[in-house]
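Residue numbers (the working numbering), protein chains in the order written: chain A, 1 to 314; chain B, 1001 to 1295.
A portion of the hints provided could be inaccurate.
Computed spacing ranges between beta-carbons, pair by pair [unchecked claim]:
1. B/SER1145 / A/ASP69: 45 to 55 angstroms
2. B/SER1033 / A/THR302: 20 to 30 angstroms
3. B/LYS1067 / A/THR302: 45 to 55 angstroms
Quick list of in silico lysine-lysine cross-link-like pairs, DSS-like style, CA-CA up to 30 angstroms [what the hints assert, rightly or not]:
4. A/LYS259 / A/LYS299
5. A/LYS49 / B/LYS1056
6. A/LYS299 / A/LYS45
7. B/LYS1067 / A/LYS299
8. A/LYS299 / B/LYS1056
9. A/LYS259 / B/LYS1067
10. A/LYS259 / A/LYS219
11. A/LYS45 / B/LYS1056
12. B/LYS1067 / A/LYS219
13. A/LYS49 / A/LYS259
14. A/LYS259 / A/LYS73
15. A/LYS259 / B/LYS1287
16. A/LYS166 / A/LYS219
17. B/LYS1056 / B/LYS1021
18. B/LYS1287 / B/LYS1133
19. A/LYS219 / A/LYS73
20. B/LYS1021 / A/LYS299
21. A/LYS259 / A/LYS45
22. A/LYS45 / B/LYS1021
23. A/LYS259 / B/LYS1021
24. A/LYS45 / B/LYS1067
25. B/LYS1067 / B/LYS1133
26. B/LYS1056 / B/LYS1018
27. B/LYS1067 / B/LYS1021
28. A/LYS299 / A/LYS73
29. A/LYS49 / B/LYS1067
30. A/LYS73 / B/LYS1133
31. A/LYS299 / A/LYS49
It is worth saying that the hints were derived from the structure and are not from the lab.
Note that the Cβ used here is the ideal one computed from N, Cα and C, for glycine as well.
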Amino acid sequence: MPQTAIAAEQAPSNRALREFLHGLPGVDEVGARERAAGLATRSVKTTAKAAALDLAVRMVDLTTLEGADTPGKVRALAAKARRPDPDDPEAPSAAAVCVYSDLVAVAAEAVRGSGVGVASVATAFPSGRAPLEAKLADTRRAVADGATEIDMVIDRGAFLAGDYRKVHEEITAVREACGGAHLKVILETGELSTLDNVRRASWLAMGAGADFIKTSTGKVAPAATPPVVLVMLEAVRDNLAATGRAVGVKPAGGIRTAKEAIRNLVMVQEVAGPRWLDPALFRIGASSLLNDLLMQRAKLRTGAYAGPDYFTID
Amino acid sequence: MPEHRHEGAEAPRVAVRKTHKLYIGGAFPRSESGRSYPVASADGEHLANAGMASRKDARDAVAAARKAFPGWAGRTAYNRGQVLYRAAEMMEGRRAQFAAELAAATGAGRPEAEREVSAAIDRWVYYAGWTDKAAQVLGGTNPVSGPYDNRSAPEPTGVVAVLAPQEAPLLGLVSVLAPVVAMGNTAVLAASERAPLPAVALAEVLATSDLPGGVANILTGRTAELAPPLAAHADVNALDLAGAGELAAELEEAAAETLKRVLRPDPAVEWEADPGLSRIRPFLETKTVWHPVGT
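Pulled out of the complex, with its shape left as it was, chain B reads as follows (with noise of 0.2 angstroms):
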């Protein structure tokens, strides 16, 4: 027989077990597969269970970052510096939870953690600012030798493959997806295998702060599981190997066959650092207009 409890008593709360799911095309769908993994924090402890993305979801994610193409990169580039702006303002009021959930996949202290939500942060700011900006910086009038007018301009690569950095799961995370949407591309990023916890709460950002659905999609799981698929998709155009560690020759050499984009990892890397234009570049084509003067 159950003991009685005494009047008043409270009853012990049920614990709210998060197993999240995957960001894809503004949704959040579980794996197709139905797989989640378990992810521990730095000293072990058992923190959540995420999505094991399989790679029909890499290429649904595909599919939808390719949908939310055209209407991404028709935005007006002050219109995008906005929406990134928002997602730094959605960041700020949750930087309670962002910093908890950093300082437990990765053993920082509270301050530490602290430091590295505020750069993040800030890196979507940053990357507002490019948004109008790195036209005039990349593209430009070019002295020609004839009765034209030529000029310059960036336009955005298309569908970009992201695999985010291993470590630095938050800011290493925002450096990498920021410049490519920044410029008006669409997303599909593998996230930290072992910290994916910082990419579903940057998908749950994402999702309320007006970038449209399909634009940035965040897959967690075995990262040697997805970007292969990746690597090898004819619809996708570039791929950001920042986390790919030792696949990244396999997966450079797959990307070959269909004449990707693809940007190496730098193993000498400060994610603090002042990055420049050197992620908003790689992701650009150029487009130049003669155009004849009259006389």
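This is chain A alone, in the form it adopts within the complex (with noise of 0.2 angstroms):
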């Protein structure tokens, strides 16, 4: 575990960050894989699964992007989100929904009042491919529209190049024009390569000021696959523990089941702690999950297995 982390306030040295990303410990990728293939096969049954299914709804980041995206299809969603099944009124609602930038007034207008957050991706999702200026101007419009959280990515390229100082400017500059709302930052694990690169890249977002760290857009495969998740966890848990600052975390894409869901979840309870089990700390990005845990919720309510003819098609 790192004794000290990056600080938030200065702009380190490229040099400096690179010392400190680099004397990280490095992943045992083989070690990885085995505890998160160890972890799945926990079995999680009637009263914890009725829990765990419940929990994982109200952690939903109910997400639609795509280029199709209408303002109908953005308020349907933001229904969906706030009462998930209309047959169960004891149903919880979906933590967000995430949206491109422009859709966020709408997303907003929809979810008032419900206590669902609007997230919207921002600074040239997916590819993070813009000047820094465009990217603040996009960040602004979107708080200003009336997103609760931002979800940018960071620019991989830079990253990769070794520019670490570049992508902590970046994501300090967001950081900042983000103003009250919260701040997700994307790695893009699928192209990072290494699990190496996955806590570093970790770590340098958490210094520069992430509230939460996120895996992937959705639009790069492999997305959030458990050994990355299970790294992301470890870097919250020990920068917890250097700083004393609690990071969220959001894997996405990929997570299309319930059984997922809650592997996931045990990922959480057992890396980083039962403190994150909280939507507060940890979110699922997904838009075919829902229906997938609410037909496992039906499921536990009715005792017959559901169909998804009973559920809205997102």
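These two chains come separately, so use the hints to put the complex back together.
What follows is the structure in structure tokens.
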């Protein structure tokens, strides 16, 4: 565990960042895979399953990030986030809806008063290839329109080229542009090639002021694989010990079934600790996952296996 | 000290004891529960172990059937007919095995078993013929009073849960499975509880006869355990209660919750008789199209 972390306030030099990030202990890839696979064999049944399903629903960032998104689709998604299962008043709301920045105003209007947040991807999502001014303008506009959470992407090109300072500066700048909104930093782990890089990017983002670190955009495969989530959970746990600040984790992309979601929750409990079993510190970015969670809830409630015909097509 | 064997004396061969598995999504998994049960012949002799499917296996089978449905329903009727005919060909190649298993299961004499195997093979051919003809019989042009071309065409219902008859473990089995898949439905079939081995052999035939994985899923085990979750499953569209026995009324009630098509068991059924369309029609929906006719 690193004894110090990157200070968020001053802009450290590339050399200092490099020394810190490359001084992090290396990740044992085989070990991480084995540990994640081992935790995936846990059996979660009956009341524990019911609690896990409800918690998972409350952690969902219901997401639509398509070129074909319309205001109507965003409103439908917001309605679903507010009341996921109209047949069951006990079903909790999702954590947030996650949309492109130009649709934030529509989403904010649609969730008003419900406690459901509005997350907006910003900063030239998903590639992150735009000048900093454009990224900041994108962010400010989304916040002004009512986004409570900003999902930014890091500049993977700069990260892989070793220009950590550029990544750090961008995150701090966006952090500032966010104002009161929560900042989630998307590492796009599918493009970082190694788990060592995932660990470094996690620490870099946390040091620059991220409230959440998020695995992926959902546009690149592989996305939120269990070993990646495991490494990120270790990073937030160690960061808490080093700095006293609890940073959240958001796996996104590729989590489609309730079973996978529950496996993620088991990892959260075992790696980061029970403090993270809270929508304030763990989110799941998903769209089709929510219906599977609802079908599993319906199965527990009625005793009969549920079918997709009885849930909305998103 | 072990007895010294003479040169050239043959060592006794170790028997290959079979513990069969299930057939789900084109693969042969063990039951999720890890259970199996012994299957005895008509005169009480142990034949083999069969997998004892759980309700989770039934759920997995429904998921596999649902996944296979669009592709299978989208095949041309002619192509489905070819696939069914291929199943008949594959069964013909294994008729000795089927006859032996049938004779052991029912206690019938070999000639009688041979006759039933022939009838079962012919039933595949029969339904292979119906695939591209049932639409003409059950659909057609409707004379309507107005300038419209009005047509009705049958379409497959979807995922059908089939409880195979407890008696007639081969002919009855083919007679309930073939009409369901012939028209583009996909099936989850619970085999005869007492005599599941012909169903296991049929699964091996289907796995090698171009039937896409998931179109026919075959579970062995306790009917009373598998039938209720299938009847109540919201992603199952129809239910064939041929082998339900005393459970039939209760299952029909459970199926009503999600408005499934239900085919009630016929106590006087003669599996040898010509079935006509009696087992095809219940698992079809009629689509009617009104098309304006230009002047």
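Right, here's what the structure says about each hint:
no. : hint                                     : result
1   : B/SER1145 / A/ASP69: 45 to 55 angstroms  : 46 angstroms, holds
2   : B/SER1033 / A/THR302: 20 to 30 angstroms : 22 angstroms, holds
3   : B/LYS1067 / A/THR302: 45 to 55 angstroms : 23 angstroms, violated
4   : A/LYS259 / A/LYS299                      : 14 angstroms, holds
5   : A/LYS49 / B/LYS1056                      : 16 angstroms, holds
6   : A/LYS299 / A/LYS45                       : 12 angstroms, holds
7   : B/LYS1067 / A/LYS299                     : 20 angstroms, holds
8   : A/LYS299 / B/LYS1056                     : 12 angstroms, holds
9   : A/LYS259 / B/LYS1067                     : 18 angstroms, holds
10  : A/LYS259 / A/LYS219                      : 22 angstroms, holds
11  : A/LYS45 / B/LYS1056                      : 13 angstroms, holds
12  : B/LYS1067 / A/LYS219                     : 24 angstroms, holds
13  : A/LYS49 / A/LYS259                       : 10 angstroms, holds
14  : A/LYS259 / A/LYS73                       : 27 angstroms, holds
15  : A/LYS259 / B/LYS1287                     : 37 angstroms, violated
16  : A/LYS166 / A/LYS219                      : 23 angstroms, holds
17  : B/LYS1056 / B/LYS1021                    : 15 angstroms, holds
18  : B/LYS1287 / B/LYS1133                    : 16 angstroms, holds
19  : A/LYS219 / A/LYS73                       : 19 angstroms, holds
20  : B/LYS1021 / A/LYS299                     : 27 angstroms, holds
21  : A/LYS259 / A/LYS45                       : 11 angstroms, holds
22  : A/LYS45 / B/LYS1021                      : 26 angstroms, holds
23  : A/LYS259 / B/LYS1021                     : 24 angstroms, holds
24  : A/LYS45 / B/LYS1067                      : 26 angstroms, holds
25  : B/LYS1067 / B/LYS1133                    : 26 angstroms, holds
26  : B/LYS1056 / B/LYS1018                    : 23 angstroms, holds
27  : B/LYS1067 / B/LYS1021                    : 21 angstroms, holds
28  : A/LYS299 / A/LYS73                       : 28 angstroms, holds
29  : A/LYS49 / B/LYS1067                      : 26 angstroms, holds
30  : A/LYS73 / B/LYS1133                      : 43 angstroms, violated
31  : A/LYS299 / A/LYS49                       : 11 angstroms, holds
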